[in-house]
Amino acid sequence: MLMKKKKREGAEINGSSMADIAFLLLIFFLVTTTINVDTGIGMVLPPPLDEEVDPPPIRERNQMNILVNAQGLILMDEQPVSINEVRQKLMEFIDNPNNDETLAVSPEAAIVSLKTQKETPYRIYIDMLDEVMGAYKELRDAASRANYGVEFNRLQPESPQREQIQDMYPKKISIAAEEG
Amino acid sequence: MAGHFKKKQAGTKQEVPTSAMPDVVFMLLFFFMVTTVLREVTLKVKLDLTQASQIEKIEEKRLVSYIYMGPERLPGNQLGDDKVQIDDQIIDDIGAIRNIMYDKLLEEPRLIVSLRVDENSRFELLSDVQKELQQAGTFRINYSTKREE
Numbered sequence: 001m002l003m004k005k006k007k008r009e010g011a012e013i014n015g016s017s018m019a020d021i022a023f024l025l026l027i028f029f030l031v032t033t034t035i036n037v038d039t040g041i042g043m044v045l046p047p048p049l050d051e052e053v054d055p056p057p058i059r060e061r062n063q064m065n066i067l068v069n070a071q072g073l074i075l076m077d078e079q080p081v082s083i084n085e086v087r088q089k090l091m092e093f094i095d096n097p098n099n100d101e102t103l104a105v106s107p108e109a110a111i112v113s114l115k116t117q118k119e120t121p122y123r124i125y126i127d128m129l130d131e132v133m134g135a136y137k138e139l140r141d142a143a144s145r146a147n148y149g150v151e152f153n154r155l156q157p158e159s160p161q162r163e164q165i166q167d168m169y170p171k172k173i174s175i176a177a178e179e180g
Numbered sequence: 001m002a003g004h005f006k007k008k009q010a011g012t013k014q015e016v017p018t019s020a021m022p023d024v025v026f027m028l029l030f031f032f033m034v035t036t037v038l039r040e041v042t043l044k045v046k047l048d049l050t051q052a053s054q055i056e057k058i059e060e061k062r063l064v065s066y067i068y069m070g071p072e073r074l075p076g077n078q079l080g081d082d083k084v085q086i087d088d089q090i091i092d093d094i095g096a097i098r099n100i101m102y103d104k105l106l107e108e109p110r111l112i113v114s115l116r117v118d119e120n121s122r123f124e125l126l127s128d129v130q131k132e133l134q135q136a137g138t139f140r141i142n143y144s145t146k147r148e149e
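Same order as they appear, the protein sequences are chains A and B. In terms of our numbering, the first sequence is residues 1 to 180. In terms of our numbering, the second sequence is residues 1 to 149.
So that you can see chain A by itself, here it is in the shape it has in the complex:
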């Protein structure tokens, strides 16, 4: 009667529910994962100005001064313009197809200077910057289509073609807050 049971059951864990547990975890991570893509306007800031060295001289015709005030009113080289005209005007200034004496000598030399009043809301500043970026994008697209038959963003990253177009239309944008 006191004899121990000899027969042992095979020690096996039932693995059939493992799939269910894994599925549950999987669903949890699926739900919590937010694949939110960050989008925004990319920029490269210029290096800080050296106080002792004077900035290189810039010919007046190569610089487009854009002033934006807190109400969103725009001056381009002292001319009041509406935001819808900015892109067209900028493209004319950078590309200068008719070799106008008052516009940029070449696209490489063109500098867009964006000056904003201190009180300006960020929204207005971004709208303005968006137009500047739009002007450069259209010019780069046009050059890319003429040379390679595709739009600029469809060129391979870091390919010589892409770099050539970038060198043709370098984004030279200076951003400053208006003093005073």
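By construction, these hints were calculated from the structure, which means they are not laboratory data. Mixed in with the good hints, there may be bad ones.
Using 30 Å as the maximum straight-line C-alpha spacing, the simulated BS3-like pairs for lysine-lysine come out as follows [what the hints assert, rightly or not]:
| hint | chain 1 | residue 1 | chain 2 | residue 2 |
| --- | --- | --- | --- | --- |
| 1 | B | K46 | B | K104 |
| 2 | B | K146 | A | K172 |
| 3 | A | K172 | B | K57 |
| 4 | B | K61 | A | K171 |
| 5 | A | K115 | B | K46 |
| 6 | B | K61 | A | K89 |
| 7 | A | K171 | A | K115 |
To spell it out: a stretch of chain B is covered by chain A in this simulated footprint if at least three of its residues, at any positions, have a beta carbon under 8 Å from a beta carbon of chain A; those stretches are [what the hints assert, rightly or not]:
| hint | region |
| --- | --- |
| 8 | 15 to 29 |
| 9 | 73 to 80 |
| 10 | 98 to 111 |
| 11 | 139 to 147 |
To list a few chain A residues with every Cβ distance to chain B over 12 Å, as calculated [what the hints assert, rightly or not]:
| hint | residue |
| --- | --- |
| 12 | A22 |
| 13 | R59 |
| 14 | L73 |
| 15 | L75 |
| 16 | M76 |
| 17 | P80 |
| 18 | E92 |
| 19 | D100 |
| 20 | A109 |
| 21 | P170 |
Note that the coordinates shown come from a computational prediction; the quantities given were computed from them, not determined experimentally. Note that beta-carbon positions come from the ideal geometry of N, C-alpha and C, so glycine has one too.
Once you've looked at the hints, dock chain B against the given chain A.
For chain B alone, kept in the frame of chain A given last:
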């Protein structure tokens, strides 16, 4: 003759082996566990992003460091002055941003600074922060915006 055209019936049972399913599911699970970013920042400033059309995606999220700017959230649903937040802290001294960002740049030389700025915040603050970024040497920035509809 008719017997020649009789279709052969498969003798075995048609069953998909399911023993490998847990492995497949675990693999998917690990994928999602690895890609999930649990590091969430509690925002101490109000943030409504503005919209723009000339935008690009940031593909390499590991390179990104965020700077938040907007009116400070005060207790009782009130909004204070425009403040700068980096990671979990509000930075009151704008001059300190230089060192913070420089340290981050040393850790990640290809750093991209994503500026998440409230659409109504003043340009002056952004301008001051950008001057600090220039001093820190973090030149690659990104103005975070939504896609224009």
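Hints and how they fare:
no., hint, in the structure
1, B/K46 to B/K104, "holds, 24 Å"
2, B/K146 to A/K172, "holds, 24 Å"
3, A/K172 to B/K57, "holds, 21 Å"
4, B/K61 to A/K171, "holds, 24 Å"
5, A/K115 to B/K46, "holds, 26 Å"
6, B/K61 to A/K89, "violated, 36 Å"
7, A/K171 to A/K115, "holds, 16 Å"
8, 15 to 29, "holds (count 7)"
9, 73 to 80, "violated (count 0)"
10, 98 to 111, "violated (count 0)"
11, 139 to 147, "holds (count 9)"
12, A22, "violated, 4 Å"
13, R59, "holds, 25 Å"
14, L73, "holds, 14 Å"
15, L75, "holds, 16 Å"
16, M76, "holds, 18 Å"
17, P80, "holds, 20 Å"
18, E92, "holds, 18 Å"
19, D100, "holds, 26 Å"
20, A109, "holds, 22 Å"
21, P170, "holds, 15 Å"
Hints 6, 9, 10, 12, counting from the list given before, are not met by this structure.
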